[in-house]
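Visitor: Sequence:
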Amino acid sequence: MTAISKDTRCRAVSLRREQTFQEKALWVQLRELKAYGIHVRRQAPVGPYVADFAILSRRVVIEVDGEVHGTGVQVSRDETRDRWLQKEGFQVWRYAAADVEHNLEGVVEDVLRRLGLQGSAG
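Residue numbering for the sequence shown follows our numbering, starting at 1 and increasing by one per position.
Rather than coming from a laboratory, the hints here were simulated on the basis of the structure. Hints are supplied without guarantee of correctness; some may be wrong.
[As the list claims (entries may be wrong)] Simulated pairs of lysine to aspartate or glutamate, EDC-like, Cα-Cα distance not exceeding 20 Å:
id, residue 1, residue 2
1, Lys24, Asp65
2, Lys34, Glu109
3, Lys24, Asp110
4, Lys34, Asp110
5, Lys24, Glu101
6, Lys34, Glu105
7, Lys24, Asp99
8, Lys87, Glu63
9, Lys24, Glu105
[What the hints assert, rightly or not] Ranges of calculated distance between the beta carbons of each label pair, as one might list FRET restraints:
id, residue 1, residue 2, range
10, Lys6, Leu56, 15 to 25 Å
11, His39, Val92, 17 to 27 Å
12, Gly66, Asp110, 11 to 21 Å
13, Gln19, Gly106, 12 to 22 Å
The C-beta atom is built at its ideal place from N, Cα and C for all residues, glycine as well.
The task is simple: from the sequences and hints, build the whole structure.
Guide: Okay, structure coming up:
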């Protein structure tokens, strides 16, 4: 994997302090995956990018996409980023911020299903 630059690490620290409501809500649930032996990192540097959440042992990146991710420039950036992550062997799972806000349980169940886990972490 590509080395993590100092700038990327600094950006990750800043983003941890500025998490959205939806990211915070999902983080509360995802950190419970430690009961399954799965370590989830939030605002994690992955190469030149910062993932909302990363499960490095499973090569999974989880993104919470707000409205800006539907705009032309951001769509292109997300596609470039996803291609890079996939080239590095990561799966990228994207969830709309509205889904996280209004259907958190469903999002968490989808993550558990994709990880091959039974039951609920929370």
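Visitor: Against this structure, judge whether each hint is valid.
Guide: Status of each hint after checking the structure:
Restraint check: the Cα-Cα separation between Lys24 and Asp65 comes to about 13 Å, which is no more than 20 Å; the hinted pair holds. Using a Cα cut-off of 20 Å, the hinted pair Lys34 and Glu109 holds, with the two alpha carbons roughly 15 Å apart. Annotation: proposed proximity of Lys24 to Asp110 holds, straight-line Cα distance about 18 Å (limit 20 Å). Using a Cα cut-off of 20 Å, the hinted pair Lys34 and Asp110 holds, with the two alpha carbons roughly 17 Å apart.
About 10 Å separates the Cα atoms of Lys24 and Glu101, which keeps this hinted pair within 20 Å; it holds. At most 20 Å may separate the alpha-carbon atoms for a hinted pair to count; Lys34 and Glu105 meet this at roughly 17 Å. Under the criterion of a C-alpha separation no larger than 20 Å, the hint pairing Lys24 with Asp99 is consistent with the structure, at around 14 Å. Restraint check for Lys87 and Glu63: satisfied, since their Cα atoms lie roughly 17 Å apart, inside the 20 Å limit.
Between the alpha carbons of Lys24 and Glu105 the distance comes to roughly 14 Å, so the proposed pair stays at or under 20 Å and holds. The hinted range of 15 to 25 Å is satisfied by Lys6 and Leu56, whose Cβ atoms lie roughly 20 Å apart. The given range of 17 to 27 Å is respected by His39 and Val92, whose C-beta atoms sit roughly 18 Å from each other. For the pair Gly66 and Asp110, the beta carbons lie near 18 Å from each other, so the given range of 11 to 21 Å is met.
Taking the beta carbon of each, Gln19 and Gly106 are about 20 Å apart, inside 12 to 22 Å as hinted.
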